Amino acid sequence: MKFGILILEGPYQHEASDSAYQFAKAAVEKGHEILRVFFYQDGVLNSTKLMEPQADDRHVQKMWSQFAADTGTEFIVCVAAAKRRGINDDVIADGFKIGGLGMLTELAIEADRVVTFRA
Amino acid sequence: MIVFRTAPYGTIYAFEGLENVLIMGAYDQDISVLFIDDGIYAIKDGMNTEGTGIKNFSPTFRALEAYDIEKVYVDKESLEARGLSVDDLVIEPEIIDASQVAQMMEDQKNFFIF
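In order, the protein sequences belong to chains A and B.
Per the numbering used here, the very first residue in the first sequence carries number 1; after that it's consecutive.
Per the numbering used here, the very first residue in the second sequence carries number 1; after that it's consecutive.
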């Protein structure tokens, strides 16, 4: 199946991004395709390379960047949501790209299912 | 289907949901919009947000018509539970009950819930 993933929450405050990551990983392992992960609302905060969690905790941004490197999945961070939260090309990590909401619309059209992760 | 179910201003879900609707409206897709639970307050007329420092974005929902988004619904029970009628809203959505909501949801390909 062709999945799209939509993440609406930032890291750590909510489990949404972790759950999305586990879902994406499991889906790929089962042979499904993730067409695109779209980060919207506070979800854009997952893309900043400035996050620095304690050493014994998971690093949400690095988990995602590694996933992008391993699978070639496209990660789009909504430009409007990113701008109002101080996320721009200077701070986004490897694997993430800034893009428009039109790319969420196209994802909804192309994917068999778009799965949303939020609070 | 785009669903508004959270109150405006306390969180940004509804405002960014509106931004999402307006972008999706620019694509030639069969879009339905549903207001349910506290999401109804996003289209309540006469909101005064002055004391909050946050822009009142409810009037922007009037743009749905300009984007040819005609399938706009409001949940009957949510409306009644809040003592509101369509006259209290900035737009005129069609009132539907829970069974119609359920039926309509059966027919959707995607949900975006704000």
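Any given hint might turn out to be false.
Straight-line Cα separation of at most 20 Å, PhoX-like style, residue types lysine-lysine; simulated pairs [claimed, not checked]:
#1 K109/B to K83/A
#2 K109/B to K2/A
#3 K62/A to K49/A
Cβ-Cβ distance ranges computed for the label pairs, FRET-style [as the list claims (entries may be wrong)]:
#4 K71/B to A80/A: 19 to 29 Å
#5 D70/A to D45/B: 45 to 55 Å
#6 V86/B to R84/A: 46 to 56 Å
#7 K25/A to E70/B: 11 to 21 Å
#8 K44/B to K2/A: 50 to 60 Å
Reference listing, derived: stretches of chain B covered by chain A, where coverage requires no fewer than 3 residues with Cβ under 8 Å from a Cβ of chain A [as the list claims (entries may be wrong)]:
#9 24-35
#10 78-91
Since the hints were made in silico from the structure, they are not lab data.
It should be emphasised that the depicted structure is a prediction, and the values quoted were computed from it without experimental measurement.
Virtual Cβ for every residue (Gly too), placed ideally from N, Cα, C.
Outcome of the hint check:
1. For the hint linking K109/B to K83/A, the alpha-carbon distance of about 30 Å lies beyond 20 Å, and the restraint is violated.
2. This hinted pair checks out: K109/B and K2/A have alpha carbons roughly 13 Å apart, not beyond 20 Å.
3. A distance of roughly 8 Å separates the Cα atoms of K62/A and K49/A; the hinted pair therefore holds under the 20 Å criterion.
4. Against the hinted window of 19 to 29 Å, the Cβ-Cβ separation of K71/B and A80/A comes to about 24 Å, which satisfies the hint.
5. Between D70/A and D45/B, the C-beta spacing of about 51 Å keeps the proposed range 45 to 55 Å intact.
6. With their beta carbons about 32 Å apart, V86/B and R84/A fall outside the hinted range of 46 to 56 Å.
7. For the pair K25/A and E70/B, the beta carbons lie near 40 Å from each other, so the given range of 11 to 21 Å is not met.
8. One distance hint, 50 to 60 Å for the beta-carbon pair K44/B and K2/A, is violated here, with the actual separation near 39 Å.
9. Look at the segment 24-35 of chain B against chain A: 4 of its residues bring a Cβ nearer than 8 Å to a Cβ of that chain, three or more, so the hint holds.
10. Coverage of the segment 78-91 of chain B by chain A is violated. Counting CB-CB distances below 8 Å, 0 residues qualify, and the rule asks for three or more.
The structure fails to meet hints 1, 6, 7, 8 and 10 from the earlier list, while all remaining hints are met.
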